[in-house]
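K.L.:
Starting from the known structure of chain A, arrange chain B on it as the hints suggest.
Taken in order, these protein sequences are the chains called A and B.
Going by our numbering, the letters in the first sequence line up with residues 10 to 324, in that order.
Going by our numbering, the letters in the second sequence line up with residues 1062 to 1553, in that order.
Don't read these hints as lab results, they were simulated from the structure.
Note that beta-carbon positions come from the ideal geometry of N, C-alpha and C, so glycine has one too.
Please note that the accuracy of each hint is not assured.
[As the list claims (entries may be wrong)] Residues on chain A that point at chain B, a partial pick, calculated with CB under 10 Å: (1) S24; (2) V26; (3) A28; (4) N51; (5) T56; (6) D85; (7) G87; (8) S89; (9) Y90; (10) R93; (11) M99; (12) R169; (13) F171; (14) F221; (15) K268; (16) I283.
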Amino acid sequence: MLRYILKRLQALLISLVVASLVIFSAVEIVPGDPASFMLGINAQEDTIMALREQLGLNVSLTQRYFTWVTGMIQGDFGTSYTYRTPVSDMISERMVISLPLAIYALTLSTLIAFPAGIIAATRRGSVADVSVMGVTQLGVAIPNFWFAMLMVVVFAINLRWFSAGGFPGWDAGFFAAMKALTLPAIALALPQASILARVMRSSLLDTLSEDFIRTARAKGLTRRQTLWRHALRNALIPVLTIIGLQFAFLLAGGIIIEKVFFLPGLGQLIFQAITQRDLIVVESVVMLLVFAVILVNFTVDLAYGLADPRLRRSR
Amino acid sequence: MSLRKLTTAVSMAALITGTAHAAQTDITVGLQLEPPHLDPTSAAAGAIDQVVYSNIFEGLTRFGSDGSVNPGLASSWDISEDGLTWTFHLVEGVKFHDGTDFEATDVVFSLDRARAEDSVNAQKALFEGIESVDAVDAHTVKITLSAPNGNFLFNLAWGDAVIVAPESIETITTKPVGTGAFTFANWVQGDAITITRNADYWGDAPALESATFKFISEPSAAFNAVMAEDVDAFSGFPAPENLALFEADPRFQVLVGSTEGETILSTNNKMPPFDNVKVREALAHAIDRQAIIDGAMFGFGTPIGTHFAPHNPDYVDLTGGSEYDPDKARALLAEAGFADGFTTTLKLPPPSYARRGGEIIAAQLRDVGIETEITNLEWAQWLEEVFRGKDFGLTIVSHTEPFDIGIYARPEYYFQYDNADFQALMDDLTAETDPAKRSEMVATAQKTISGDYVNGYLFQLASLSVANAKIQGLWANAPTQATDLTGVSWTD
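For reference, chain B alone in the conformation it holds in the complex:
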């Protein structure tokens, strides 16, 4: 080896060890579900938001990891006295990833598209109260509402309300162009999506230079991928039974947080005998929530007594009103004229909370005399039969949308709860902007549906993630389905 070669080799070696000491700037994050496409404004799939929310696309407001609503592309806003006119002041100097300027017209375009007649926005209801959206100047937008809306800033923070550009809307499903801290780089369908740091980002530059989302649907394969360190983190880890193994391993950290997913034993309120409130009350007392959490979720999950997230400051703990008491359940059934019990259907969608939980609930119901015929359904079938066809007695499903107690005001919604007082209360709540009064109304709403035993309220789904111990800044909670990487970094 000549001297020159030797020095080259030595300096190369120094270079390699040098870079090894600098903190890593790329990350591979495992996700269970692959998004069907990358437009968060035209599909309900949480998998889309998991990749693009806050990373690629931003809205006027955005969710923080604690569920708070913070300024996003709108730096501030003024609300008129009557609560009908909202003036948003946009951040200046923001560019879309294709180099075009972000201006008020983009906001007008995005919101008009979402609320249009032929809109395919999965959460179109979020935009229902909007009367008009106007660009005052390049950086000011005026939104006029038909009625005051205390939820408006919250609604605008959803992934379905992000700002898109008319220039790139045609190809948004495969080449998303947003204003976020990361730009879309590559998608190997069925395998992975890569995003890279946006050098022109208007806000604080992220620590990561690139991130790869890898899609691994099989729980055992997910476990293997983390163990073999093929992925640096796994957001929404699908195998709770294995978390103890990661906790015991110093290479990993386990993040247990909250989600917006109320897991409920949905009950067809129009179908006899569930149209009898006594029967629904009996159902509530027949269920041992902790046994379901332990058996189906390996202990992860918080018992709930109503359709509301326990980490929300307005949450009221109503689990006491439906405590596990099989004797009381039998007595209530007898009172309702079903001393010998009855038979009903229990239709279960694919997630393990439903399939495992369903077996446990079936056993608990059998104990008080209610026989269930269990049918396992795929999601598409479930949507067709249960959700749209309303052909079911009982089903188990997690409602993952944030602050979705409003579904109880829709009598045509699949569990068919029709209570005029509750519907009026929800209308009042939407129009109310005073925080104290809103809290009070939200509490009343929770008590109403709990007191009517509309559904069996089981538990709040936990957000479970596993990550390399050296990673910081990952969201433990999931206030919306997102994997916000803007604040994520390696510690050394």
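Same shape as in the complex, but just chain A:
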């Protein structure tokens, strides 16, 4: 087992190094200079040079790469070119919005998708099934930003139940903060729930046609008992995989929804940093996301190894 872990760990490190190289070169290749962006169209060339010097941009690419990497190893993500504040502070400020929002959206989508998928699968062909399939078809097709704008018009402008957007901060109280995240979470959850419900349904249908279900029924279990004790557990594996993927997406992928509701989340941070050529922020945030994904994969690998002894032994 130890050898297996070491092997996995080695793969993890190699992935990180490769990722850092790819991210760094991809970002540095993009045309545009942070100093000239900051100083605008009346700046003189010598002023731009002075700012480049101040920002530490006047050293070679390799030197900058190594400063960045060694900094990160020590937990220092560098200082933003435009904001002049530590990147790690900026990330954590955005995380307190993006992380709860992703969890909120994922919870909503699971709460909707599970019952819908189960009902559709167990009553295949019924009115319930057809309507679940119809609604989820729509849910996948409707662009979530359009749906978000629609909700703003109805709930914020006409009914005045919610703000049109923005985030009051957790200092304003748990409920005020959750309220501000509610419309965005619904907008994010809708397409995710639709996909999840469909996956749930087909996975459950597959499982229900397996031999062991017939055996369970034959040994005298009711339909309901078979469903809860045997079918659901097995059907859940592909569903969980999808949920994992969705979570990674929700963390930074909700940028359009963040824009519609002017939420200062991680997606907006990356977007803003790219337009301002705040390269160090882009590099560090993307690296952090990559690290998170790689770490999750590593954990999953370990879990597989624990669950399946064959994986451990195979070289």
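P.N.:
Here is chain B on its own, set in the frame of chain A:
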């Protein structure tokens, strides 16, 4: 409910209704762009001035909403006979927000920092003529110039020339400390900046106790925020197409004013065929300004015929020299040897005036035989390729700096207009202090660049703001990029 509880409840209710009748003393102002940091003296971002100008930081002089230059931290000044020595008398008893005194040494520090060798001031040119800055006593500063400068007081009013303190310079980007009527309170990055009334302010106390600037980049989200009354005002409203809706709604007022933004079809004067003045003249006649204003800006904007703000008393209306006349444009092109037209590039930065305007201009140019290849660029790319790399045929951009006709005297500037007479004229203008002569020279300058058809002059950008109908004192015009809240109040 006991009697005591009841009376408490009643008095509470009275208290609540009582405060509801008093005028509101806080305001939430929407802005489209968030400042990258809060030091107006080390970045060009107009978003910084939008928050800090006159609210947090003040200069020796300051802009009024009509563009006039008024006394600021300097209450008066004397100019020597030869125009080289300026003695500024500073307001006494002024304190910075951190409690330190504002004195002549702070002025010396600020101006020396801005003009230093390693200065990162985006408008360093403003300070170019300064030979030395000396503190005569605690409240008197003597500035010596190398040549007379008729623009000097105007230059000192810019946000890039505000007075900062050496004690707080290290943290100026995140905790700005100035002398203004408001102190910086809080910044939730990506979301909002809050400022609160400065109790020790040397001038008239502002009516507002606190103000929050909320940053909403998306035009549709800006519209929603105003409609849902999440923000009380939106300065620089990004969706002109929606203004009619606000005008029709009694809850809101719409403020349409002028800005210093000359929107031009910038032309690479060194690149063939634009090095031929006939081609540039043809370009000018091929453009229908009103169609661009109507199509790209929904009717907001004033046509211009030169690089100068129409609300300025010295403005000369030269739109007649480049009136829309496609036949004349075709004839001029034929004369220049391009009877069959030619193909060029049109590189567009992100603002909607450029993207929407670009499509319209491309169609108008096609009509006279000029084909354009449109490329949409981000700002950073635009700065790299067009502004610094000078790799473009045509581009559309709004020059928002006030009184910036001087850029035509810089041959290395991106549109590369090189006219020795014009450069000499600008030198003379800078040295001239007599107002009448200055007006005359400014008029000549406008006519020169218009007659040379340096760029296609399109329109002056309008300043568009929406506010709650009960708010008064907001600036309608934008003589500099500022949201001066010192005179803003609620009417009831």
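K.L.:
Each hint should be assessed against the structure and marked as holding or not.
P.N.:
Evaluation of the provided hints:
1. S24: S24/A check fails; min Cβ-Cβ to chain B is 30 Å, beyond 10 Å.
2. V26: Violated, because the Cβ-Cβ distance from V26/A to chain B comes to roughly 28 Å (cut-off 10 Å).
3. A28: 24 Å, violated
4. N51: 6 Å, holds
5. T56: 5 Å, holds
6. D85: 18 Å, violated
7. G87: 16 Å, violated
8. S89: Hint holds; S89/A Cβ to chain B Cβ min 8 Å, cut 10 Å.
9. Y90: 9 Å, holds
10. R93: At about 4 Å, which falls below the 10 Å cut-off, the nearest Cβ of chain B leaves the hint on R93/A intact, so it holds.
11. M99: 6 Å, holds
12. R169: 7 Å, holds
13. F171: 8 Å, holds
14. F221: Interface hint status for F221/A: violated (52 Å vs cutoff 10 Å).
15. K268: 5 Å, holds
16. I283: 8 Å, holds
When each numbered hint is compared with the structure, violations occur for hints 1, 2, 3, 6, 7 and 14.
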